[in-house]
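Engineer: Here's the letter readout for the chains.
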Amino acid sequence: MSTAAQRFLQDAAVKSADLMHREVIRRGMDSYDAAHLKGRARIKDWEAARQKCQEIKREAINHLDRYLLQFEERVVARGGHVFWAANSEEACTYIKNLATRLNVRTVVKSKSMVTEEIHLGAALEKAGIKVWETDFGEFIVQLREEGPYHIVTPAMHLLRGQIAALFQEKLGQKIESDDPAYLMAVARRVLRQAFFSAEMGISGANFLVADAGVIAISTNEGNGRLCTSVPRIHVVVTGIEKVIPRLEDLAVLWPVLATSGTGQGITTYSTLIGGPRQPGEADGPEEFHVVLVDNGRSQLLADAEQREVLHCIRCGACLNICPVFRHVGGHTYGTTYPGPIGSVLTPHLNGIKEFKHLSYASSLCGACTSVCPVKIDLHHHLLQNRRNATEAGVTKPSERLMFRAWRHAMLHPGIYAAGGWLMRKSLRIAYGLGLAGSVLDPMRVWNRYRSPVPLPAESFRARWRRNRAVN
Amino acid sequence: MRVLSALEHTSIAHESWIVKGKVSLFVPCFVDQLLPEVAVDTVKVLRRIGYEVDYPEDQTCCGQPAFNTGYWNEARPCAERFVRVFKHAAVIVCPSGSCVTMVRTFYPELLAKSALREDALAVSSRTYELSEFLVKVAAVTQVGATFPHAVTYHASCHGLRELHLRDEPLQLLRQVNGLKLIEMTRSEECCGFGGTFAAKFADISAAMGTSKAENVAATGAEYVTAIDPSCLLHLQGILGKRNAATRTIHLASILAQEDLPQKSPAQERP
Numbered sequence: 001m002s003t004a005a006q007r008f009l010q011d012a013a014v015k016s017a018d019l020m021h022r023e024v025i026r027r028g029m030d031s032y033d034a035a036h037l038k039g040r041a042r043i044k045d046w047e048a049a050r051q052k053c054q055e056i057k058r059e060a061i062n063h064l065d066r067y068l069l070q071f072e073e074r075v076v077a078r079g080g081h082v083f084w085a086a087n088s089e090e091a092c093t094y095i096k097n098l099a100t101r102l103n104v105r106t107v108v109k110s111k112s113m114v115t116e117e118i119h120l121g122a123a124l125e126k127a128g129i130k131v132w133e134t135d136f137g138e139f140i141v142q143l144r145e146e147g148p149y150h151i152v153t154p155a156m157h158l159l160r161g162q163i164a165a166l167f168q169e170k171l172g173q174k175i176e177s178d179d180p181a182y183l184m185a186v187a188r189r190v191l192r193q194a195f196f197s198a199e200m201g202i203s204g205a206n207f208l209v210a211d212a213g214v215i216a217i218s219t220n221e222g223n224g225r226l227c228t229s230v231p232r233i234h235v236v237v238t239g240i241e242k243v244i245p246r247l248e249d250l251a252v253l254w255p256v257l258a259t260s261g262t263g264q265g266i267t268t269y270s271t272l273i274g275g276p277r278q279p280g281e282a283d284g285p286e287e288f289h290v291v292l293v294d295n296g297r298s299q300l301l302a303d304a305e306q307r308e309v310l311h312c313i314r315c316g317a318c319l320n321i322c323p324v325f326r327h328v329g330g331h332t333y334g335t336t337y338p339g340p341i342g343s344v345l346t347p348h349l350n351g352i353k354e355f356k357h358l359s360y361a362s363s364l365c366g367a368c369t370s371v372c373p374v375k376i377d378l379h380h381h382l383l384q385n386r387r388n389a390t391e392a393g394v395t396k397p398s399e400r401l402m403f404r405a406w407r408h409a410m411l412h413p414g415i416y417a418a419g420g421w422l423m424r425k426s427l428r429i430a431y432g433l434g435l436a437g438s439v440l441d442p443m444r445v446w447n448r449y450r451s452p453v454p455l456p457a458e459s460f461r462a463r464w465r466r467n468r469a470v471n
Numbered sequence: 001m002r003v004l005s006a007l008e009h010t011s012i013a014h015e016s017w018i019v020k021g022k023v024s025l026f027v028p029c030f031v032d033q034l035l036p037e038v039a040v041d042t043v044k045v046l047r048r049i050g051y052e053v054d055y056p057e058d059q060t061c062c063g064q065p066a067f068n069t070g071y072w073n074e075a076r077p078c079a080e081r082f083v084r085v086f087k088h089a090a091v092i093v094c095p096s097g098s099c100v101t102m103v104r105t106f107y108p109e110l111l112a113k114s115a116l117r118e119d120a121l122a123v124s125s126r127t128y129e130l131s132e133f134l135v136k137v138a139a140v141t142q143v144g145a146t147f148p149h150a151v152t153y154h155a156s157c158h159g160l161r162e163l164h165l166r167d168e169p170l171q172l173l174r175q176v177n178g179l180k181l182i183e184m185t186r187s188e189e190c191c192g193f194g195g196t197f198a199a200k201f202a203d204i205s206a207a208m209g210t211s212k213a214e215n216v217a218a219t220g221a222e223y224v225t226a227i228d229p230s231c232l233l234h235l236q237g238i239l240g241k242r243n244a245a246t247r248t249i250h251l252a253s254i255l256a257q258e259d260l261p262q263k264s265p266a267q268e269r270p
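These protein sequence lines are chains A and B, in that order. With the first letter of the first sequence counted as 1, position 149 gets the number 149 in the numbering used here; the numbers rise by one all the way through. With the first letter of the second sequence counted as 1, position 258 gets the number 258 in the numbering used here; the numbers rise by one all the way through.
Chain A extracted, bound-state conformation (with noise of 0.2 angstroms):
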């Protein structure tokens, strides 16, 4: 069986030659690059908006077992109950004992990571309960039977010709169009019927208020409110790292995420929720449970240096920004979480041994850390990531001792000088005779797709000797 990093390779390479996937996401990416920029001038100070945001999650992870005990006391006041879900097996295991308890047999979702890094859908599927997924770009790649290829945009690697015909092919109707809104119009009447048969409604939560203990939840297709509303049972999903201290704090955070995830000024559906159907409410479920779920997460928050990267808020920016994704795309990381984000939280999360090879897979270019809302410093976690590893002892023997004797030559200047010569001369011979890109060549990775690299006869530190380097 090959590993996740093998994997990843393969998958990079067909990826990044795919011509057609390139251009479909880069003006997906266009688009969102120009709403964006749009949204963020919008805002009279987005450094100093950043800054705030940023505060404001430290505060809240710095304080999380406060905030969160905050929280939990004011649901449960208000008749909801809270579970707290050290991994996805125990979270997994709440939620379809609840499902059965309660005779549930169809659930309607919306949008999740949360729920997709724990595999909900499948341990409720498993046990016999239908799940429909409502986000339309979710219900897109839960109809293909593949994991969303971005956190907030989850079928953007789909043209509408292809929508369509998996509609036709799955939805068992006559698609006559491929026009996007007879599409989506398509979908909702059969979410339609799922909303009004569902027994079990479960959504995310972009945000747990801890002063007035309600969950947030931003949506644009007004699937949330459904899921939430119909169903006589809600269930919120969210990891423990989506706490914040105050109600006033949202005034801030929503905005931001919402002009950081699409360039929004606010997304169209921003819900507040505390807990089941009180006396004398008209609508509104008549159980409410929030799992918590730590799955790792606690591990990072033990972590001085890194526990910085909780204060994610999902909103998919370093994800479109990134030349990577935008190169291999979203699938290729093989994780729940893709991007920058994902390449910095997955070897926390899944094991630095198996994952290691997402946080070297970066230039380090620091385009994600530019536009973090919360300003992780994403490609430095990257670093740390890559230190982490070469400490744990899980990088190649091979690479060790390939730096070993690099030190050692940068540690002598006759000896790196006469290398340094020696591959010159070594390399202008082989190229001469026509070796460039061959087996014998030892740059033949990087000639594989560039021109060989100039070799002076002389370097610069001869140069100066000979002459202090006039001319």
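Note that these hints are calculated values from the structure, not bench results. Remember, predicted model here, so these are calculated numbers, not experimental data. Treat the hints loosely; a few may be bogus.
To be verified - Counterexamples of contact, computed for chain A against chain B with all Cβ distances above 12 angstroms:
{"#": "1", "residue": "4"}
{"#": "2", "residue": "14"}
{"#": "3", "residue": "31"}
{"#": "4", "residue": "40"}
{"#": "5", "residue": "79"}
{"#": "6", "residue": "100"}
{"#": "7", "residue": "199"}
{"#": "8", "residue": "248"}
{"#": "9", "residue": "295"}
{"#": "10", "residue": "298"}
Claimed, not checked - Capping the alpha-carbon separation at 16 angstroms, the derived lysine to aspartate or glutamate pairs in EDC-like fashion look like this:
{"#": "11", "chain 1": "A", "residue 1": "170", "chain 2": "A", "residue 2": "145"}
{"#": "12", "chain 1": "A", "residue 1": "96", "chain 2": "A", "residue 2": "125"}
{"#": "13", "chain 1": "B", "residue 1": "200", "chain 2": "A", "residue 2": "399"}
{"#": "14", "chain 1": "A", "residue 1": "96", "chain 2": "A", "residue 2": "399"}
{"#": "15", "chain 1": "A", "residue 1": "130", "chain 2": "A", "residue 2": "145"}
{"#": "16", "chain 1": "B", "residue 1": "200", "chain 2": "A", "residue 2": "287"}
A virtual CB, placed ideally from N, CA and C, is assigned to each residue, including glycine.
Add chain B to chain A, keeping to what the hints say.
Structural biologist: The following block gives chain B in isolation, referenced to the frame of chain A:
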């Protein structure tokens, strides 16, 4: 105009009689070995505006290749060595934003527990990328260069996002006689080099380089320039493989092109 530029040149030449100070040159290892003319041109520019240039011959590498690959224990002694070599330098100038980033941004972290920590901080604060030094320290944007060509600028990542050098290189380019600056689409997107990334993930690196090469080609410029020779080394390879018409040239090499009054334009180097 011709007279004016000749006059300007004279004043610069005249100024260079007065030595402004001594600059120690930090030449990245791969520049030393593969692109020595970038360092030679750096020396030329610095001398022309009146600085005495010194090259500490004991220098090797700043340690970045090991550091970026996670081998901090291998990078640390190299960094300490760099600090010892440059400890007594008044000002350190380097024609690479990336290598300056290593010294300025990462030495304080890498050497946090080293006995040389204080020296490292001092050396860090005195190390400048070439365009940064010219514009911010020497306060010079007109260095008396002539380069009558269409040029597009690639904003190298480390210079742009670690050292925050967005305008400095452009200020210098705008003052070059005859140079036509053409803006590139997505000029701030990474070219895909990324050090060992270029070898570990050659497919991705090359795809990113190809996208950059396409953006370069779309400008129709004769040259693409940058402040990082590593980006240019990679781009030169990508462009070369595509038989593209555009050539790469380091900012220092543009700034080094002189407009000598006694030379006719035909004699100028391209």
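Engineer: Next, verify each hint and record whether it holds.
Structural biologist: Evaluated hints:
1. 4: With a cut-off of 12 angstroms, residue 4 of chain A remains clear of chain B, as the shortest Cβ separation is near 14 angstroms.
2. 14: violated, 9 angstroms
3. 31: Its Cβ never comes within 12 angstroms of chain B, the nearest being 15 angstroms, so this holds.
4. 40: holds, 15 angstroms
5. 79: holds, 49 angstroms
6. 100: Given a closest Cβ separation of 45 angstroms, the condition holds.
7. 199: holds, 46 angstroms
8. 248: Label holds. Min Cβ-Cβ 32 angstroms, cutoff 12 angstroms.
9. 295: holds, 25 angstroms
10. 298: holds, 25 angstroms
11. A:170 / A:145: holds, 11 angstroms
12. A:96 / A:125: Given that 16 angstroms is the threshold and the Cα spacing comes to 10 angstroms, the pair holds.
13. B:200 / A:399: This hinted pair holds, its Cα atoms lying about 11 angstroms apart.
14. A:96 / A:399: Outside the cut-off at roughly 46 angstroms; violated.
15. A:130 / A:145: holds, 14 angstroms
16. B:200 / A:287: violated, 52 angstroms
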